[in-house]
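Join these two chains into a complex; the hints should help.
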Amino acid sequence: MGIHTSVDPETGAVRFLSPEGALCRPIPSSLSDELLVTLYRAMTRTRIFDGKAVALQRTGQLGTFASALGQEAVGVGAAAAMQAHDVLAPSYRDHGAQFLRGMTMAECLLYWGGDERGSDFAGPRLDFPNCVPVATQIAHAVGASYAFRLQRADRVVVTFIGDGGTANGGFYEALNMAGVWRTPTVIIINNNGWAISTPCALECAAPTLAQKGVAVGIEGWQIDGNDVVAVYDTVRQAVEKARAGQGPTLIEALTYRLGDHTTADDATRYRDPELVRREWAREPIARLRAYLLRKGAWNQEKEDALQRESLEEVGQAVNAYLATHSAGCDAMFDHLYATLPASYVSQRDTARRFEPKGGGGHG
Amino acid sequence: MAELSLVEAVNHALAYEMANDESVLLLGEDIGVNGGVFRATNGLQARFGRERVIDTPLAEGAIAGVAVGMAAMGLKPVAEIQFTGFIYPTIDQMINHASRLRNRTRGRLTCPMVLRSPYGAGIHAPEHHSESPEALFAHMPGLRVVVPSSPARAYGLLLAAMRDPDPVVFLEPTRLYRLFKQEVADEGESLPLDACFLSREGKDVTLVAWGAMMQETLAAADALEQQGVDAEVIDVATIKPLDMETILRSVEKTGRCVIIHEAPRTAGFGAEIAAEIAERALFSLLAPVKRVAAYDVVVPLSRLERQYIPSVDRIVDAVRSVMEGS
Ligand SMILES: Cc1ncc(C[n+]2csc(CCOP(=O)(O)OP(=O)(O)O)c2C)c(N)n1
Chain R
7 MGIHTSVDPE TGAVRFLSPE GALCRPIPSS LSDELLVTLY RAMTRTRIFD GKAVALQRTG
67 QLGTFASALG QEAVGVGAAA AMQAHDVLAP SYRDHGAQFL RGMTMAECLL YWGGDERGSD
127 FAGPRLDFPN CVPVATQIAH AVGASYAFRL QRADRVVVTF IGDGGTANGG FYEALNMAGV
187 WRTPTVIIIN NNGWAISTPC ALECAAPTLA QKGVAVGIEG WQIDGNDVVA VYDTVRQAVE
247 KARAGQGPTL IEALTYRLGD HTTADDATRY RDPELVRREW AREPIARLRA YLLRKGAWNQ
307 EKEDALQRES LEEVGQAVNA YLATHSAGCD AMFDHLYATL PASYVSQRDT ARRFEPKGGG
367 GHG
Chain D
163 MAELSLVEAV NHALAYEMAN DESVLLLGED IGVNGGVFRA TNGLQARFGR ERVIDTPLAE
223 GAIAGVAVGM AAMGLKPVAE IQFTGFIYPT IDQMINHASR LRNRTRGRLT CPMVLRSPYG
283 AGIHAPEHHS ESPEALFAHM PGLRVVVPSS PARAYGLLLA AMRDPDPVVF LEPTRLYRLF
343 KQEVADEGES LPLDACFLSR EGKDVTLVAW GAMMQETLAA ADALEQQGVD AEVIDVATIK
403 PLDMETILRS VEKTGRCVII HEAPRTAGFG AEIAAEIAER ALFSLLAPVK RVAAYDVVVP
463 LSRLERQYIP SVDRIVDAVR SVMEGS
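These protein sequence lines are chains R and D, in that order. Under our numbering, the first residue of the first sequence is numbered 7, with each subsequent residue one higher. Under our numbering, the first residue of the second sequence is numbered 163, with each subsequent residue one higher.
Note that these hints are calculated values from the structure, not bench results. Given the structure is predicted, the values throughout are model-derived calculations rather than measurements. The C-beta atom is built at its ideal place from N, Cα and C for all residues, glycine as well. Please note that a few of the clues may not be correct.
Unchecked claim - Derived CB-CB ranges, DEER-like:
(1) R/Trp286 with D/Arg340: 32 to 38 Å
(2) R/Leu317 with D/Gly231: 50 to 56 Å
(3) R/Asn325 with D/Gln388: 41 to 47 Å
(4) D/Arg468 with R/Gly321: 27 to 33 Å
(5) D/Asn258 with R/His341: 30 to 36 Å
Stated by the list, open to error - Per the computed footprint, the stretches of chain R lying under chain D, defined by three or more beta-carbons under 8 Å from a beta-carbon of chain D, are:
(6) 115-123
(7) 335-345
Chain D with its partners taken away, still in its complex shape (with noise of 0.2 Å):
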């Protein structure tokens, strides 16, 4: 077992699998000789030759659109978008193409690609680096959405992305990408998709979160604890489809939930949590149900980018109204 970053993971899932399975390539701007601009493919055009590693010209519509035409046709590409800022021009090509080739031709093409991006603010980058746009992808029937929370799920869930036989959005918190290590297994064992993990066990209170925010999350867990508030705390993983079981269980438990995402709150996916818990577990809440999200703005460049990310304070605050309301 090897102390990995989340980086570092990706980088192994990826030469793990195209070591082991050769139709798998990989396809974006800057990831051969340089290793993507965060290093995620470090290495493996070096390993694995240029033709399985493809620098491609700078164009996101057309990166998606090859990826849906190699997927149709036996590969399993795996495309980089640079950052989550650049990644609309592909919008056109995963509505339209990806997540519905299987259903346009009943079954007879299907697609099997993942498209990784950086996401989400905190790490000080320019102008259209730092956008969280998962609840986008989420709307378009047919996709996978997945966003791993630590290196040992990055692994995991990067694993099962590629061994899914549909197309899956694979959203990297940047934020994570060498905050902290662990242990990760490099032994091809993948992580289930569709499924909500369990991080923290709690009775009063449930915390539902997913990438970067389970940090913020799980620090409020803590602090809550020293309040005697006993949280319990949901890793989403993979966003659509959603395991709405794991967290109605949940809530069904503690009464009470708050859901904390980095996207802006305006339809972001936490009001589809929301939703399905309003339609399904009203009768076993003590408190409404909150949402700790960013404001509805664009991500404010650097200086103020940490007032846009929810806080600890902003959470423990919404978990101490929900326990007062109650």
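With the rest of the complex left out, here is chain R (with noise of 0.2 Å):
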């Protein structure tokens, strides 16, 4: 069935399924249609929050949200190819993948809700918080999986970059420390064509992102970022390797944002509503369902359970984070400092003076 390329012909970037769910080449062994269905049910599960994050921004109840939809692939295939020791460095449209790391959706509508509780994750504790200063958290992942090599830890961190995020010079510095010290780093570059208005050809002249990595030693490879097999396969590839101590990798996931930037952004005043519906066609999660259906590993009677299941979990995260009571103003001082110093305790008081009563709202 299908052609027998392993390549998307375009591209010339990895592939397993072809937009239409069509076999390219053998799936690899280490993808189940047990962990195949796993997949498609978190990427799935991300896209019901996603719509239900902008329902919630649009109607005053969360602050500005940055959708995940379109992306599904390159966040969930890239999560299960860690390991639940493994660190993760996020931007901050990488929630698909922190969910899978225990990250819980009411702590991510928390965070976007503007509450800073929604950063102390109850999962995995050594997860960074999401990054918005795009490109700062390369550098961090380098550092921890220095950190990690140093300590004889079996531990491996993954970053996610966008693609407008690469023309940073935070990106240029860490990627070529972590050539140089050759650690156990994996960076994956969302390339969803866009950052915000900025087509990916205005912020690089080069032909692909993945080749940034030539100029630093480091090994770069193109995958098709809405092929979850390609994203899981290569990733764990990319994260044995770290782990087995042949350092770090860069890897390009072509992807698209089927959504505005955020829930602050009109995407059609600078993008053509038709490039959009034609890149529908290509999206990862119809492209699965259409491989496991096909294979008869999923069904109508499946597929029924999990939206309704998935609108479940997320309507219960909803009223989870609409319970949640604004922490009041000492929360602008409790973790300031690992104690707070003399010289702020009027300080603190001047605030629980002018504390309104109530405390705030959402959103």
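And the structure:
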């Protein structure tokens, strides 16, 4: 079935599943049907979460939110290839990966709802919080992975960055150090085509972003980021390589941002909706579903149940989020230092004195 | 005369100067087709072309650095940094180069650039979108730091900034971008830099503020009037170099001063003003100078930002204690 090439004919990127869900090459043995279903479920949950989060923002119940619509395969595939004791240094659009690693949906909502407690993940205690200043997280990943190597810890750090972010000095500098120090780092470029309104071609004149590894002595691989099989298998190899002490890898995952940049953005100002309509034919979830259906590993009944369960799960997270009362003004001081310096006491007293009754609301 | 919001006033000032001075060009992230994330540059790429309204790669350090190069060679670049949380990589270029090029070359090369950025809290923005770093820039010799507090002042001061032969950091209070409109004559008339504006006359106490905090400060002055306290309000406008004379004249008249700012208190710019008053007008004071500033904390995410920004109540309370202490 399908064409037997291993790469996207247009981009040359590694691919297993065609946009129609046909096999381009055999599914690697690392991916059982069970794992494929897990990935499918995780992508679907992420998409349903995103839809709800955008709706919450539109109704004034959430702050600005960055949806991962269309890019679910990158985060989900990568996180599934990590081990629990590895560390994730995410950007701000990587909740698909964070959910698989144990961050709860309620925590995610709390963060975008304007409450720092959303970054106090119950699950992955060593994972870094969302990183908003673009490209600054790459250096953290390199430093963290250096620490693991020094500690003889069997740990790898995976970090994400957008295509626009690769234009930033922070990216180049950190990538170079990873190359020189050969740290156990996996750097994944989430190339969704856009940095807000700026298309990739205005961020970088090189033909691919993967080749940015060349200049710093790091292997760079380009993959179809809408093919979760390609993402999983490639990141798995990079993680194993890092764990085996063979240094960092740069992976460019080609995907597409189907939504606005954030809820504060209006992509119709700079992007032809026709382009987006065409990209929907390449999106990752329908692709895997088509494959699984054909294989008999999925059916309508399971799909209905998944939709129901996911909506319920998201609904519960929303309720938990909406029921979380504002932390109150002390929260501004609580985690500033290990212990509040004496000179702060009068400032905190002032904050308490002027604290409005009832605390802050949502969003 | 048109009724303009502050962000529209910025847009008009940029357009006016681009139309009248070919050396002015704009650069920044998403400022072209998108017109900037706040629309400050709306329509300008369509009008002036891609060579003069440049969508840059996502690289703040280089944005400031190329602006230095452009400015040294006779252009007048106006660089936009999307939010002040992302302005910090420009500090290397601004402190090591933009602010000193004239001095280092004994006037042979100069740097007539403007670094614009929306700044401050109060719009429920995500993390790192609400910072107030005016004091960092004010600490750099050779820079001008300007903060408008209204559409008319944004228009006139931005024109002045673009015409100034030295580098100007122009911080636009995001909270004011669309808060209110004002009649602004789009006739290319600039306002003076390096001068404070007397925004309200009074005789009992001098309130000194800038940018978005002018809103709370003027509201506090109204509230105080109800309580029989006649406050004079000064809009600093140019943080650096500071027009201390206007402030001193007022303090000598009222004998009391409260300084209000949204940046954290410690080493905030209010400290500088208070120190100047202590050095030069101590014996005119009837009560100690007071500061109402943000706490020395990280700008909290949106749920607590209203408690971070100094409130009208806090200003009124500070003024009352100054009045009682004298
Ligand atoms: C250093 C820095 N500059 C500017 C911004 C504002 N900003 C937020 S996201 C973004 C575009 C990022 O594009 P890309 O790296 O491709 O990632 P994407 O959002 O598309 O996932 C910009 C300019 C920022 N967060 N950090």
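Query - Unsatisfied constraints (hint numbers, rising) - result: none
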